[in-house]
Amino acid sequence: MRMSSLILRTAVRFILPLTFLYAAYAALKGHNGPGGGFIAGLIASVGFCTYRMSYGDRAFHRLLPLHPRWLVFVGLGLAGAVATLPLVFGQPLLRSASTTLYLGGSEVHLVSAMAFDLGVLLVVVGVAVGMISRLGEELDR
Amino acid sequence: MVTAAPYLVLAAVGAPVLAGLATMLLPASRRLTRLALATAGPATSVLLMAIHLGRNGVSTADTPTGTIAWVPSLNLDISFLVDGLGAFFALLIAGMGVVVVLYARAYFGHDAASLARFFPTLGFFSSAMLGVVLADHLLLTVLFWEMTSVSSFLLIGWDRDDADAGKRAMQAFFTTGLGGFALLGGVLLFGGHTGIWRWSHLMAEAATISHDGTVVAAFVLMFVGAATKSAQWPLHDWLPGAMKAPTPVSAYLHSATMVKAGVFLLGRMLPAFGALALWLPLLVSIGAVTMLLGAVLALNQGDLKKIFAYTTVSHLGLLVAMYGMGGASTTGGLGAISWDLTQIASHALYKAPLFLVVGALAHLVGARRLPHLFGLWHRPGAGAKAAAVVLLLSGYALAGGPGTVSFVAKELFFAATTRASDLHPVLAVVGVMAIAAAACNVAIFVRLTTTVLGHRSGVGEAADAPVVPAGQPDRWAFMLWAPAAALIALQYLGGLVPSLWNRTFRGVEVNVHDEAFATGIPLAWEPFLHPGMPLLMTAIAITAGVVLGFSGWMRRDMVDVHSRIWPASYRGIRRGGHRIFHSIQTGHVRHYLAVVFSVLTLCIGWAAWADPAMLRPPAGMDPFEYPAGLLLGAVVCAAAIALPMVTERVVRVLVLGASGFAVVGLYLVYQAPDLALTQLMFEIISVILFLLVLRLLPRADRRPRIRVLPRLALASVVGISIGWMTLLAGHAADNRADDAPTLGKFFEAHSLEGSELTDGRGGEGRNVVNVILVDFRGFDTLGEITVLATAALGVWSMLPGRRRHREEEDLAVDTGQGVQT
Amino acid sequence: MTTVLAVCVAVLVTVSVYLMLSRELKSVAMGVFALGHGANLSILAMSGSPVLADGGLRNPPILGAVNLVDPLPQALILTAIVINFAVMGFLLTLLIVTARRTGTINVDDLAAEDRPDGSRTGGDR
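Chains as they are written, first to last, in this note's numbering: chain A, 1 to 141; chain B, 1001 to 1821; chain C, 2001 to 2125.
None of these hints come from the bench; they were simulated from the model. Accuracy of the hints is not assured; some may be wrong.
To be verified - Quick list of in silico lysine to any residue cross-link-like pairs, SDA-like style, CA-CA up to 20 Å:
no., chain 1, residue 1, chain 2, residue 2
1, A, Lys29, B, His1750
2, A, Lys29, C, Leu2063
3, A, Lys29, C, Thr2079
Put together the whole structure using the sequences plus the hints.
Set out below in structure tokens:
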């Protein structure tokens, strides 16, 4: 399925980086402000979907050259790993850990829950993009 | 020594099945070793029981055999009661098991595959039976009881190519299995009511058990279990049906084991329930009817196996009636059931040979029907002659002729009926029925004799007798009749030398009441020296039987009307189930949904009925407190109401989207920025999704709508009740005190910093919602993304894409373009 | 606000049940969709009205302010929305596959197809 409108295509070309930026922002900020893995994942998915709708299947493949299922697998694996890793150290399941990085004078507080959130993000993107693109393929037939 | 006892008994119970399974480990060619091993199973049981009895003697209610803990928390343990009844039955079962294994070797002959299958199955059955008769714990008895049902199913349905055998096996399984359920129900009812879970305990406390309704109900249920197992009227039809089994199985199941389990159970129950007012009338009426019915049906059969099956039914009825009259012995000192084990043993000792010899005849002569066996004695072959001799000797015992144990047993029963009728005159009817049944047995013997010794050799056999399959000569062929001969020899030995019999049985017989037989069964001629009512009854029975036997009456094959019960009920259940299934499973989604929603509404209605305060409108609700919210709510409602009204699909999707965007606004009012963002993105993607999908689906057909009003009514009821619930819950939340300890407050407090409640660790985040998702309730989230992945996998597998093909095409196009440019 | 929410829930649930009882699976899917909204709003009501006594609103559940709304229902709804999304995708795909295989998405026709004799009975016609 493709909606070949010049205005849409031009707009999407600008909007796409913005959505990705916003998704990254939401994902990083999620632990302390509005945002988080689910939201960021859905925002990124909206970006992908609009791009696919305006540019079509093949362009979309160049943007995301791998099958969305790999996003799902990696995300699920990451979340599962973060959840079970504490067991190795004798801690309860999903016990979070944190560390603070000092990058050029500014400190970044990293919590393991953020890695978990990243896994969630990947799964959501994978599922949403996978479903939409598969249904879109069906429509193209 | 005391502690070893239960293990010894357990080993005795387990030996047959272990030996049977062990035979499967041997190669098929080692037939002799297999046979030896299979025989060793029940033989070991006999040996172990003998050792146990030699060491500990027969235990009583006060000295039950020790226990092995099994599930102590459920008060369940493996405990055995080797009292007289149990020990007698165990020895009978194990001993008969040895005989049947040997016989099976000859019966199956060179059919090694059948033998290989037979030994383990028979071992399983033997062990189950031993467990039934030796268990002390009520539930253990039930467990073994069900195992006998299962194993007998396997044995009766032996011939897998015979559909009728399968049906009969199922009938037996259903009948006895349902009885098993009744028994289980009775045991649970009784145990739960009185707290007594052991037979030994039950016998010791027999006098103190009150006869209230629960105990009576438990007794009736247990009796149903016993009656189905022992093929009592009106559910006796499975027993003749089970004759589809191979002969070793019939001989084993119907002489000493399976069908005797019910009788055994009645013997176990007698001390505890015998004093119930219901005991005597229930058992005697059912038993007497079964006795007479079985005898008459037996006389009217042509097939030897059928004849003996119905005489078995008849004798089982006699035993049940005997135990029924024994109920009076605990109240009136009747002594009706004196030497009950002799009765049971005597039946086993002539019925087993009868079945065995029928199987032998089928092998040797190829005939089982009386007309085909005409002149058997005059046929060539030592085997046929030996079988004929055993058949006639066993038949004589069946008729209860003097010189056999069964003659005395019959005398005992006649004596019991006379005494019982002294107490309850109406029981004289049972005496008359007993005479009639005995006369039938005599008539059967007369017919057997005239057939076997008949002179017109070649008349009956010529035309329609099946031809004997010419098998290889088998050196085990003598085992076809030798076990039967040995068993029937015991019958005559007991009858002619009663002192031996008495010495054997003195130890295990507990019910010795009758003065006349107090010292044991008498010498063969002794009853004739004490003429009385029993002897007169015997004389009538024999005279009538001889006349009946020579007469032409009752010679046609009679079909038992009760044989219609099972097929009819089976069909009825299947049809009923089919009908119910199709009335529930209509295949219409909306019917299922209507049921679900109706039940939901009923639940809410029930709660409102239980607590009418739910129906009171909450006070202090102000819909106008936040105008923007009110507006958004109005948009949600308007869009929702418009949804079913518009038909154009794009418009529908847009309406759906509008309602969703208004919901986003509501989330904002409720100060949920995360929710608002998520819902917004979700709404965008789902509108895209819907637009895609609707184009892929066929257009709506223009059939008239299904009835609107009932739909709307149900929908409104559901909607209003859910809305009302929401109102009540929200009202409760509104009026919650600010310092009320809620989960939300806990998450708030620990979102950043931990406390001792969380082992000192916090979520280290300021967005409480996100911390709940990835930290406090992280496990839920992990499950949730798994659900997401599963749904996506479902989509991908339902619509397997052609991406790979597409990529190849792309590649081709790309290279093609590359060439062009 | 609770009243508004309760009315919205009532309307949404009514409409969705009405749609789910219809003959066409497309409508059923929309009903499921609308039911998701209704359920979410119903959970939202459990956090209590966000309107304070002085007419102002409470603050979002982000630490650093006072008078936060209850975060728990929000976390539950967030989960529910995403699950709802997955279920919708699955359901719609199921619809497509059903339409391909049977050529219809009419509940009555599908039920008739289930019957061995193929008779079309049991409809509300």
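Comparing the hints with the structure gives:
The suggested pairing of lysine 29 (chain A) with histidine 1750 (chain B) holds, with an alpha-carbon distance near 19 Å, which does not exceed 20 Å. The straight-line distance between the Cα atoms of lysine 29 (chain A) and leucine 2063 (chain C) is roughly 14 Å, inside the 20 Å bound, and the hint therefore holds. The hinted pair formed by lysine 29 (chain A) and threonine 2079 (chain C) meets the criterion: a straight-line CA distance of about 19 Å does not exceed 20 Å.
When each numbered hint is compared with the structure, no violation occurs for any of them.
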